[in-house]
Amino acid sequence: MGERGRYLPECPEMSEVVRKLTEEYGGHMIFSRESEVYVEVPRHELRDVAKYLYNSGAFLKTCAAVDERPLNRSFALYHIFGMDSKGYDVIVKVSTPEDDAWVPSIVDVVPAADWCELEARDMIGIELKGRRLVRRLVLPEDWPEDVHPLRKEVPHDFRPPSVKAESEFRPPERGIPIGPYHPVLHEPEYFELLVEGETVVDVYYRGFHVHRGIEKLGESPRFTYQKIPFLAERICGICGFVHSTCAIMAMEKAAGIRPPERAEFIRTVVLELERIHSHLLWVGVAAHILGYDAGFMHTWRVREPVMILSELITGSRKTYGLNLVGGVRRNIDKDKMEKIMKILERVEKGFKELANLLVSVPQIRRRAQGTGVLTRSEARALSVVGPVARASGLYRDVRKDYPYLAYKEASFKVPLYTEGDNLARVLVRVEEVFESISIIKQLLDKLPGGPIMHEKCSAIIPVDELIPPGKYAVAAIEAPRGEDVHFLMTGEGRPYRWRVRAPTYQNIPALRPMLRGDPLADAPLTIASIDPCFSCTDRALVIDVRTGRARTIKLWDGGAGTCRL
Amino acid sequence: MYLEILLATALAVAGVALAPIYDSLERKIKARLHSRVGPPILQTWYDVLKLLAKELVIPEGGYFTAAVVLTELFLSIALLVSVSFLLFFQSLTMYVLVAVFISALSAATLVKSVTQNNLFSVIGGFREYSVVLSAEPFLILLVLLIGARGVTDLKSLIGLAPVVLTTYVMTARIPFDIAEAEPEIASGIMIELSGPLLAANELSLLTRRYVMAALPAYLFLPWFVANPLLRVGLGLALTLLTWVIFAIVAVLLGRTRAAVMLKGTTVAALALTLLFIIVESVPYG
Amino acid sequence: MSIMKLISIAARAKVVTRRYPFEPPVVTEGFRGKIEVDPKLCWGCGVCTRICPPNALTLKKREDGTLVLSYFMGRCIFCGMCAEVCPRGAITVTKEFELASLTAEDLVRDVKHDVVRCRICGRVIGPAVEMREATKSVGGAGAKYYDLCPECRKLVVARGIMTKVGVRP
Ligand code: SF4
Ligand code: SF4
Chain E
0 MGERGRYLPE
10 CPEMSEVVRK
20 LTEEYGGHMI
30 FSRESEVYVE
40 VPRHELRDVA
50 KYLYNSGAFL
60 KTCAAVDERP
70 LNRSFALYHI
80 FGMDSKGYDV
90 IVKVSTPEDD
100 AWVPSIVDVV
110 PAADWCELEA
120 RDMIGIELKG
130 RRLVRRLVLP
140 EDWPEDVHPL
150 RKEVPHDFRP
160 PSVKAESEFR
170 PPERGIPIGP
180 YHPVLHEPEY
190 FELLVEGETV
200 VDVYYRGFHV
210 HRGIEKLGES
220 PRFTYQKIPF
230 LAERICGICG
240 FVHSTCAIMA
250 MEKAAGIRPP
260 ERAEFIRTVV
270 LELERIHSHL
280 LWVGVAAHIL
290 GYDAGFMHTW
300 RVREPVMILS
310 ELITGSRKTY
320 GLNLVGGVRR
330 NIDKDKMEKI
340 MKILERVEKG
350 FKELANLLVS
360 VPQIRRRAQG
370 TGVLTRSEAR
380 ALSVVGPVAR
390 ASGLYRDVRK
400 DYPYLAYKEA
410 SFKVPLYTEG
420 DNLARVLVRV
430 EEVFESISII
440 KQLLDKLPGG
450 PIMHEKCSAI
460 IPVDELIPPG
470 KYAVAAIEAP
480 RGEDVHFLMT
490 GEGRPYRWRV
500 RAPTYQNIPA
510 LRPMLRGDPL
520 ADAPLTIASI
530 DPCFSCTDRA
540 LVIDVRTGRA
550 RTIKLWDGGA
560 GTCRL
Chain Z
0 MYLEILLATA
10 LAVAGVALAP
20 IYDSLERKIK
30 ARLHSRVGPP
40 ILQTWYDVLK
50 LLAKELVIPE
60 GGYFTAAVVL
70 TELFLSIALL
80 VSVSFLLFFQ
90 SLTMYVLVAV
100 FISALSAATL
110 VKSVTQNNLF
120 SVIGGFREYS
130 VVLSAEPFLI
140 LLVLLIGARG
150 VTDLKSLIGL
160 APVVLTTYVM
170 TARIPFDIAE
180 AEPEIASGIM
190 IELSGPLLAA
200 NELSLLTRRY
210 VMAALPAYLF
220 LPWFVANPLL
230 RVGLGLALTL
240 LTWVIFAIVA
250 VLLGRTRAAV
260 MLKGTTVAAL
270 ALTLLFIIVE
280 SVPYG
Chain X
0 MSIMKLISIA
10 ARAKVVTRRY
20 PFEPPVVTEG
30 FRGKIEVDPK
40 LCWGCGVCTR
50 ICPPNALTLK
60 KREDGTLVLS
70 YFMGRCIFCG
80 MCAEVCPRGA
90 ITVTKEFELA
100 SLTAEDLVRD
110 VKHDVVRCRI
120 CGRVIGPAVE
130 MREATKSVGG
140 AGAKYYDLCP
150 ECRKLVVARG
160 IMTKVGVRP
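Residue numbers (numbering that gives the first Met the number 0), protein chains in the order written: chain E, 0 to 564; chain Z, 0 to 284; chain X, 0 to 168.
Any given hint could turn out to be false.
[As the list claims (entries may be wrong)] So the derived label-pair ranges between C-beta atoms look like this: (1) E:Pro187 x X:Glu95: 53 to 59 Å; (2) X:Lys111 x E:Gly469: 52 to 58 Å; (3) Z:Gly263 x X:Glu95: 51 to 57 Å; (4) E:His208 x Z:Ala9: 53 to 59 Å; (5) E:Glu337 x X:Lys111: 22 to 28 Å; (6) Z:Val12 x E:His208: 33 to 39 Å; (7) E:Asn54 x Z:Val56: 35 to 41 Å; (8) E:Lys399 x Z:Val56: 53 to 59 Å; (9) E:Asp107 x X:Gly45: 42 to 48 Å; (10) Z:Leu48 x X:Pro53: 29 to 35 Å; (11) E:Asn54 x X:Glu95: 43 to 49 Å; (12) X:Gly45 x E:Phe30: 35 to 41 Å.
[As the list claims (entries may be wrong)] The list that follows gives simulated cross-link-like pairs (lysine-lysine, DSS-like), each with its CA atoms no further than 30 Å apart: (13) X:Lys111 x E:Lys338; (14) E:Lys335 x X:Lys153; (15) X:Lys59 x X:Lys163; (16) X:Lys13 x E:Lys440; (17) X:Lys111 x E:Lys348; (18) E:Lys215 x X:Lys111; (19) E:Lys455 x E:Lys412; (20) Z:Lys27 x E:Lys351; (21) X:Lys94 x X:Lys13; (22) X:Lys33 x E:Lys333; (23) X:Lys13 x E:Lys348; (24) E:Lys348 x E:Lys85; (25) E:Lys348 x E:Lys445; (26) X:Lys4 x E:Lys226; (27) Z:Lys29 x E:Lys317; (28) Z:Lys29 x X:Lys13; (29) E:Lys351 x E:Lys407; (30) X:Lys33 x X:Lys94; (31) E:Lys215 x E:Lys333.
Think of the hints as simulated: they come from the structure by calculation, not from any bench.
The structure presented is a predicted model; accordingly, all values stated were derived computationally and were not measured.
For glycine and all other residues, C-beta sits at the position ideal for the given N, C-alpha and C.
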């Protein structure tokens, strides 16, 4: 993939990091690629390594635990640090012997590690040393203690015996429940808001009601590399193409192949179409939440041609089924190109008018401005991503930081606001719609000729042989909601471990600082302002019941799975 | 005399029947402004009839809530009847009666919301309380003022302004529908209601909206139009017109936050009411 | 007031929704709906069942000696991969998507295939059409043995040779 020199062919900083990790922290390099370097460090050094990387500007993308017992009788935890400003990832591996399975926690050094560490504990069964609050995140309360679903001996279709556990949900004092079913939450999730009068003073969250075990399924014999793009696409109903492309990018990296240029352009065009439809959908929903249904309906009216366009190009309004390892299945011909241009013209004009109208509605402006504020430092500590980060003055965009596919070929702005409030998040998304339209136009103008599928791949040829076992790959894409990360460790004919970290996973913890001190009436808007996608997030949540304060609420009385944001 | 009683009764009956139709019309107008096809003109009646056919589920809060819901329906019909009589009988007693019913109806709505053993409903109740407080006192004051003094002159039509403002607020349309606020508090005051009770609730809300659309016309018409049949015709027409205007306004606005807009509404209602009083008390010439 | 612009926007946009299902839905030429398997073309080779991501296509052996290619629309994700890989071009992707039904059985389409059994040992060798067609293309001597399973065929062939060279098996 380095042929075109897109990925820092010789990067002095990268070698400096490797030198530091190997010489000062006793690690050894496992493997490296243009934009990734994998280093294993002794587990007692992990905290210092994390501190060093975090202080040198890295964002923690996520961590992934792997059951490596069949390979080397140990468990492993991979922390994926992204050097945004330099454009490469440092993946730090720590191993732990199976009979003494623990790793040091790095939560106090890197707050963003909170969820993924707990997920590692739930799914693989690695204990976390030095962590004050350890609780179940993903697994439900009645899940058997000693079954960790991502361990290799657990079959993918394992169902625990059903237990009728009476939840001891008798909180001494009640907050305002939002969920699991609530009109603004389009998926089951649970928020509990503690209010004084109409002011929110605290927030509790419980999620993972729709965990579908997709990662496990991807490792199971049910799936092959050929089928996984279709499975990945179903992680999310809105940004499915992001997931399928991201999974495929990881697989292609592992296979060492690069799809033809034209295929990369087409993927990029469809990714941007997806961003337009997603942002328009979100703007509409935000208007609805603020009681301005006219804005809702008209935004969706403007959005509809984008959906029709997606169907025309890919065959489906959503879950396009366009991607295969090695390329795409459908071409964009002259006729389609003209249609795209024409429709985008209309969308641009229509949305410009609407956006002006929306911000002129007094209730919208008044309620979005100054509510749900997330400061820049909070945003940094929690490693938030996407429009949420960019509305809080954090310049993060995978398209710029780690240019992938055809993004190098288009010039575009990354809208940045510093207010960190709901209005800023609205405006970031509104502006991004126009940027995306411009990106698509530029790319279609330059659309290179040639095939759309790598010569070694097709629907009929199994790609298994191309992807040897024992390879690693990390791929990231700027989804409409922010950075989406897929970590892949290859196995025989299918992934050995496939970890998906959706953008919402990173952004939900930011809701707590956003919601506190705001009017209850604006809480739904604030929750919606991160554009939460629970299906994505729930492939895995949070903790700590506050103690010693009069206003404490205990859900399930300190039981598993209770979350504090 | 008998003709008037007959006409007033007919008006009231027509009001109950028309309210859901006007609601469908409102939905149609809204749909058109949303660029949608929208429902047929009898849709709200279909909805109500369908709800009536469902099983009766007694809400959290028990029979008491159910009783209050029905009381509310009766009160709203009583209000409609008394307002209809206002078109023909201008004794102060009639005006007092209207004021009392308006007030009783609001009280019933509040009781309804707090008897439902549900947090969202209680929040809705408090919000309803603040909405009512920002408009109702002025509306009652205006009704009583007009009843006590009569509307004597064209310049008194200035009183239409506070009446229209307060009646709009009392219809619980956007931006004042915060007591339901579907996306925020999941239908708030109605959250526990379903089936026939929801139908009753719907009917009383619509009847109340009809009254509020009729009030501006019914308060001022009798003082300017002598012919009772003409009064009826104009009354019906102006009610429809007001309803349509209210419907359009509701589409153009978003939902307010309880504290923000209500203060503004109170100030505006107060100022307009005072203006009316001043204009009224200035002697002729 | 700028909020009044809504009225002009709505006036220009006109009514965009449809009275579906009383009016036809909007379906573009690119749309993929349910698939149809042509029983005349299908061989029952099962290639499509191996590519189908959600296992909507399955190949089942029935007790009565038939082989069934079963398509369950309830699982189908309308990806069209099966049509792309079918060596016989037996699968067409239609534009039909209105598949709601009261019973799950309505969503199943079966293509039955007779199977060829080995005339000696009686084991199932494969779907009849595929065997026949394959033999046709091979032609000649192969056709003689098409209804023999590989083991029996080896035996028969060996025996034939031995007889020819005059060795008693
Ligand atoms: S449809 Fe095609 S691929 Fe599937 S069994 Fe029939 S012939 Fe084989
Ligand atoms: S269209 Fe896709 S999901 Fe449906 S049967 Fe064919 S391969 Fe399977």
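Results for each hint:
One distance hint, 53 to 59 Å for the beta-carbon pair Pro187 (chain E) and Glu95 (chain X), is violated here, with the actual separation near 32 Å. Distance hint check for Lys111 (chain X) and Gly469 (chain E): the Cβ-Cβ separation is about 44 Å, which falls outside the suggested range of 52 to 58 Å. Between Gly263 (chain Z) and Glu95 (chain X) the CB atoms are about 55 Å apart, so this pair conforms to the stated range of 51 to 57 Å. At about 55 Å, the beta-carbon gap between His208 (chain E) and Ala9 (chain Z) stays in the expected band of 53 to 59 Å.
A C-beta distance of roughly 46 Å is found between Glu337 (chain E) and Lys111 (chain X), which places it outside the suggested range of 22 to 28 Å. The hinted range of 33 to 39 Å is not satisfied by Val12 (chain Z) and His208 (chain E), whose Cβ atoms lie roughly 50 Å apart. For Asn54 (chain E) and Val56 (chain Z), the Cβ-Cβ distance of about 60 Å falls outside the hinted range of 35 to 41 Å, so the restraint is violated. Against the hinted window of 53 to 59 Å, the Cβ-Cβ separation of Lys399 (chain E) and Val56 (chain Z) comes to about 55 Å, which satisfies the hint.
As the Cβ distance of Asp107 (chain E) to Gly45 (chain X) is approximately 56 Å, the hint placing it in 42 to 48 Å is violated. For Leu48 (chain Z) and Pro53 (chain X), the Cβ-Cβ distance of about 42 Å falls outside the hinted range of 29 to 35 Å, so the restraint is violated. A C-beta distance of roughly 59 Å is found between Asn54 (chain E) and Glu95 (chain X), which places it outside the suggested range of 43 to 49 Å. At roughly 39 Å, the beta carbons of Gly45 (chain X) and Phe30 (chain E) sit within the given window of 35 to 41 Å.
Between Lys111 (chain X) and Lys338 (chain E) the CA atoms are separated by roughly 43 Å; this puts the pair beyond 30 Å, and the hint is violated. A threshold of 30 Å between alpha carbons decides the hint, and for Lys335 (chain E) with Lys153 (chain X) the separation of about 57 Å lies outside it, so the pair is violated. At roughly 42 Å between alpha-carbon atoms, Lys59 (chain X) and Lys163 (chain X) are farther apart than 30 Å, so this suggested pair is violated. Taken as a hint, the Lys13 (chain X) and Lys440 (chain E) pair is honoured in the structure, with Cα atoms around 28 Å apart against an allowance of 30 Å.
The straight-line distance between the Cα atoms of Lys111 (chain X) and Lys348 (chain E) is roughly 55 Å, outside the 30 Å bound, and the hint therefore fails. Annotation: proposed proximity of Lys215 (chain E) to Lys111 (chain X) is violated, straight-line Cα distance about 35 Å (limit 30 Å). Among the hinted pairs, Lys455 (chain E) with Lys412 (chain E) is inconsistent with the structure: their alpha-carbon atoms are about 36 Å apart, more than 30 Å. Proposed proximity of Lys27 (chain Z) and Lys351 (chain E) is supported: the alpha carbons are some 26 Å apart, at most 30 Å.
Taken as a hint, the Lys94 (chain X) and Lys13 (chain X) pair is honoured in the structure, with Cα atoms around 28 Å apart against an allowance of 30 Å. Between Lys33 (chain X) and Lys333 (chain E), the direct Cα distance comes to roughly 27 Å. Compliance with the 30 Å bound is thereby established for this hinted pair. Taken as a hint, the Lys13 (chain X) and Lys348 (chain E) pair is honoured in the structure, with Cα atoms around 16 Å apart against an allowance of 30 Å. Distance hint between Lys348 (chain E) and Lys85 (chain E) is unfulfilled; the C-alpha atoms sit about 37 Å from each other, more than 30 Å.
A threshold of 30 Å between alpha carbons decides the hint, and for Lys348 (chain E) with Lys445 (chain E) the separation of about 23 Å falls inside it, so the pair holds. At most 30 Å may separate the alpha-carbon atoms for a hinted pair to count; Lys4 (chain X) and Lys226 (chain E) exceed this at roughly 49 Å. Pair hint Lys29 (chain Z) plus Lys317 (chain E) holds up; C-alpha atoms about 29 Å apart against a cutoff of 30 Å. Under the criterion of a C-alpha separation no larger than 30 Å, the hint pairing Lys29 (chain Z) with Lys13 (chain X) is consistent with the structure, at around 13 Å.
Taking the CA atoms of Lys351 (chain E) and Lys407 (chain E), the gap is about 26 Å. The hint holds against a cut of 30 Å. Between the alpha carbons of Lys33 (chain X) and Lys94 (chain X) the distance comes to roughly 7 Å, so the proposed pair stays at or under 30 Å and holds. Taking the CA atoms of Lys215 (chain E) and Lys333 (chain E), the gap is about 42 Å. The hint is violated against a cut of 30 Å.
Hints 1, 2, 5, 6, 7, 9, 10, 11, 13, 14, 15, 17, 18, 19, 24, 26 and 31 from the earlier list are contradicted by this structure; the remaining hints agree with it.
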